[in-house]
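Asks: Residue numbers (the working numbering), protein chains in the order written: chain A, 9 to 229; chain B, 9 to 229; chain C, 9 to 229; chain D, 9 to 229; chain E, 9 to 229; chain F, 9 to 229.
Take these hints with a grain of salt, some might be off.
Each computed DSS-like pair below joins lysine-lysine, with the alpha-carbon atoms no more than 27 Å apart [to be verified]:
no., chain 1, residue 1, chain 2, residue 2
1, E, LYS176, C, LYS129
2, F, LYS100, F, LYS74
3, A, LYS176, C, LYS49
4, B, LYS100, A, LYS129
5, F, LYS100, E, LYS176
6, B, LYS74, A, LYS129
7, A, LYS176, D, LYS165
8, C, LYS176, A, LYS129
No wet-lab data here; the hints were simulated from the structure.
6 protein chains.
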Amino acid sequence: MTPSILVINPNCTEAMTRGIDDACAPLRMPGGPAIETATLKEGPPGIETQQHVDGLIPPLTAFVRKNEAKHAAFVIACYSDPGIFSVREVTKKPVLGIAECGILTAMTLGSKFGVIAILQKSIPRHLRYMGAMGVMDRCAGELPVDLPVLELADEKKTFGRMVSVGRKLREQGADVVVMGCAGMARYRDALQQELGVPVVEPTQAAVSMAIGRVRVNWERI
Amino acid sequence: MTPSILVINPNCTEAMTRGIDDACAPLRMPGGPAIETATLKEGPPGIETQQHVDGLIPPLTAFVRKNEAKHAAFVIACYSDPGIFSVREVTKKPVLGIAECGILTAMTLGSKFGVIAILQKSIPRHLRYMGAMGVMDRCAGELPVDLPVLELADEKKTFGRMVSVGRKLREQGADVVVMGCAGMARYRDALQQELGVPVVEPTQAAVSMAIGRVRVNWERI
Amino acid sequence: MTPSILVINPNCTEAMTRGIDDACAPLRMPGGPAIETATLKEGPPGIETQQHVDGLIPPLTAFVRKNEAKHAAFVIACYSDPGIFSVREVTKKPVLGIAECGILTAMTLGSKFGVIAILQKSIPRHLRYMGAMGVMDRCAGELPVDLPVLELADEKKTFGRMVSVGRKLREQGADVVVMGCAGMARYRDALQQELGVPVVEPTQAAVSMAIGRVRVNWERI
Amino acid sequence: MTPSILVINPNCTEAMTRGIDDACAPLRMPGGPAIETATLKEGPPGIETQQHVDGLIPPLTAFVRKNEAKHAAFVIACYSDPGIFSVREVTKKPVLGIAECGILTAMTLGSKFGVIAILQKSIPRHLRYMGAMGVMDRCAGELPVDLPVLELADEKKTFGRMVSVGRKLREQGADVVVMGCAGMARYRDALQQELGVPVVEPTQAAVSMAIGRVRVNWERI
Amino acid sequence: MTPSILVINPNCTEAMTRGIDDACAPLRMPGGPAIETATLKEGPPGIETQQHVDGLIPPLTAFVRKNEAKHAAFVIACYSDPGIFSVREVTKKPVLGIAECGILTAMTLGSKFGVIAILQKSIPRHLRYMGAMGVMDRCAGELPVDLPVLELADEKKTFGRMVSVGRKLREQGADVVVMGCAGMARYRDALQQELGVPVVEPTQAAVSMAIGRVRVNWERI
Amino acid sequence: MTPSILVINPNCTEAMTRGIDDACAPLRMPGGPAIETATLKEGPPGIETQQHVDGLIPPLTAFVRKNEAKHAAFVIACYSDPGIFSVREVTKKPVLGIAECGILTAMTLGSKFGVIAILQKSIPRHLRYMGAMGVMDRCAGELPVDLPVLELADEKKTFGRMVSVGRKLREQGADVVVMGCAGMARYRDALQQELGVPVVEPTQAAVSMAIGRVRVNWERI
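Take the sequences, apply the hints, and build the full model.
Replies: Here is the structure:
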């Protein structure tokens, strides 16, 4: 039986999961690990606050515990990497977060990375995470799109904001940009084109690393 | 009515809360803020794993929300500062963690601080936190007492281990030591005596900062 | 007899000492440590240069030595923390500086702090101090009000400059602001209101920490 | 036609290339990118000095330029990542180094990584590289096996030294270990078993990341 | 016989070497080391890319090996310090790079240094070098003149760009500026005048340090 | 008239000044700047405490002010670089400290430097200075000789301790050693021989840089 990687969208918005699933498509290879996606139905509709992040961890760990035997690796597909260290206690199998993998991948693509966040209020949380990762010297900055939720549905407006934020990050020294949300994948190609620097889609970054981990079969100890 | 600081023991062990309450005694002043302690009864008996930390956040935030109006400030009395950023969303009143305040206080008492942890497995979590705080250059190291729970009850053995760990931290360059647990307060004086460097009891460090915060009435925004 | 904290204005301008004394008022509690202020009459009228800072250390240490027995703790109320390490040799009682305590307190209130200095030429000195503290990763920047002394008397103009400098610090990523001078206390509430981020008055930050230190009676060794 | 990843051993020792090829085996998937290996015949027999590193760059870039059209990505399989930035000028296709990918992968597996080098004299070069990567805060140390070349052929002796070096790194705080040479792959499983912490084989780490990069087709710009 | 310092221009442009020679003039003292300059005729006309940097290392090390006995110290006069670590293997005599010496010298002249580069594309390389040096906390930024080669011949235009770039670096916090190219020496005095902060000419910085090294006769080991 | 560099021993022990003068001898060149030494007679006999450091600054600045016109540059020959920033306000001519120049010079000679201090109690002060310099990532450690003053006169014993401390620094990763005192010069050659790594004598490092500064005539601004 083919081993599988479970990519978990920890918010309960199925449309987001479908977008994540689409982002995984190029990483599905005959003979490679299956890549499945799941929605944490106990998650909030969107993950905006620290309470959203912390509140979903108990159901997320329960969910992974329940499904642990069925999968070879787990990816947490929210740019706050919620519960990543708790989930790593639930299973010795690989558990990867899209924020860490997005950033680490960016570090192979440029000298300074910038991050495009959705919301200003997520940035202190992300800064703490980058500090914990020990990579602040490589970070040129993180800036928010900061559109009201309703306007995020307007793809043209959203993309326009991503471009202007990306340009500001370039001015601050970024020569590679990380998309700071699991729901931005469909804009990646156009954004890279527009900005003229590599753009990292973090779910793809994490699933890429998970594939290798499944194949070489390194357990954590 | 006197404003009060609520010091929350986020594990459910009442004996620990009593120890915390004793540690607060010297900080109770006529005319100063009342200092009350509470036990999070939904917390685990001891906070050892990341799942313990993350799992208690929802009941902790609920508890603070319920008691928010009654107190002027909140201290989270576990050296992992569990839920500190979620609780700061629940109230604009001061919320302080004993790990952050213990470390920041140590930074006024020496050039390099060392931390005495209870368990080896907590250290990666504490390292991430120190990284997020941006204070790794001041940290000489963190080492665990690493006694089985049953032997922690043996005060003589526990103190002996704290002394030997403290000495190893001194050899690594620490000239101030932080007690990495809310339950070590009763050993502080003797440990400082034995080690010959200042020893920071982190609950006292946090409550001290909370008293000032209550008096000057700075709200977060 | 009530123990007392002596807050020393190391410049000789009595009006500054009165402002510092006013800033301490909310921290005076009936059963808490007395908080007294003193003016170092050998200090310069204002502390602007490195020579001012270094030149006042001998009289400051003499002053503390002479008054050592009468007080339980000492606060040096100049944002360059002049002589803090010499004074710590004169007494084993707590000695706190307003720059260190202002910054450490800000680190509990935001993810990146900014500092409002009076003069451009003080900033290199402050940068060295932040470097020595090991907290540069948390600093979003320091910017000067840079008004000629005569215009500092114009409160409206001064406040206007503090607001514009504070806004620039916010743009640079600061989500908490430290007042980089002992003489700005009266602007704190209005400035916080105007900027929409917490503003730390450093003398209050230092006295707060000193109160706790007196109560728990930790000597340095 | 299946795209292929070319893993280049930049020293001229074919036996080393065969070991690298074996290390790649688990990452070959029926529908995934082909993984080919090549030996840089102009390279030195072993890469020990800075002159070895720098001297092989011109033939390495020539080699990549010549083969650029035939492959979808390139991995440089020497733990000094020789010529990585020159090769990235030769092609816009992904170019990954095993040192950077080994370290970045370790950062997802522990809080502090240690590196096992072959030679003491390589360590300053590796330290410079980690400094350039901005990841020194995550590094617990790097220590050499330091066996004379002839004795490296003695697998039992070599493994014994790797175990003792790995244990010393653990004592220095490492909770994940990176193999600092492309020729150590066959020891990975046993070493991880012996040390009780994850052990990263860097060629596998790099090829894993390359597979994803080929699939998602991110060009550098 | 007077010992001599050989200052090597690793590009093949003789006019550049003459400019370097002029820059060395004030450092020639009767009774002091002779200061000779040489052109690496195998070098590229200008050093712009990583391939230029890496490609000149083999001829550079060959050149130094050949001339090793004739000189007491070597300075590599290109702001990428090409081959510095290889050359240090060729001789135990002092080998200094103008980038390292320019930056280290700037660290004695201000609190934050800024660098004026010729080309944007050199900046990631310089950032890696500053990261490897461990001095990023002192760097306020690096910005390029970014003029097409033909326009660099226009001294007035070039100087104008250097002034505007230098001013931008000052706004970013630089209080000392390093010239990020061996060919800018003739602009130093005027640039310092214009910017009002010290300007470091890196060849002069390196030769200065080399003179002392020759006199005190410290060999590397 | 030949310009001169004044090397000031800020303690009042003439024997120390003579040792410093001897250390300068190889840097005296017929056509180079004169190198003179002076003793600050108001300085303490030895500089051991922070009060010694701070207390000598007023007479030191007075001394430099008085002699400013007579010299072209000033070196402060105590490893605490006392008063360096005040003296830089007194004159626009070059002012260099032996600690900063010793460390910066070591950064050209190895990847990690270690420092041999005389006294344990000086180390926190030196750590703050290295933090302010922003070079902590390059420091492998600082360790004291820690001999009672009387025993320092015993050269054999002192040298023995320097060797054993130097070896411990090597074990901690140092591949270059800085002598953390102006009075150790006579041991340099033998210590380097014994340790097998470069040993930096800091007064020679500072005077070397001063010679260049005098010749190129860069004023601070």
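Asks: All hints are to be evaluated individually against the structure, with a verdict given for each.
Replies: A quick look at each hint next to the structure:
Distance check on the hinted pair: E/LYS176 and C/LYS129 sit about 18 Å apart at the alpha-carbon level, within 27 Å; holds. Restraint check for F/LYS100 and F/LYS74: satisfied, since their Cα atoms lie roughly 14 Å apart, inside the 27 Å limit. Simply put, A/LYS176 and C/LYS49 have alpha-carbon atoms about 51 Å apart, too far for the 27 Å limit, and the pair is violated. The suggested pairing of B/LYS100 with A/LYS129 holds, with an alpha-carbon distance near 15 Å, which does not exceed 27 Å.
For the suggested pair F/LYS100 and E/LYS176, the alpha carbons sit about 24 Å apart, so the restraint of at most 27 Å is met. This hinted pair checks out: B/LYS74 and A/LYS129 have alpha carbons roughly 24 Å apart, not beyond 27 Å. Restraint check: the Cα-Cα separation between A/LYS176 and D/LYS165 comes to about 55 Å, which exceeds 27 Å; the hinted pair is violated. Our distance criterion of 27 Å between C-alpha atoms is met by C/LYS176 and A/LYS129, whose separation comes to about 19 Å.
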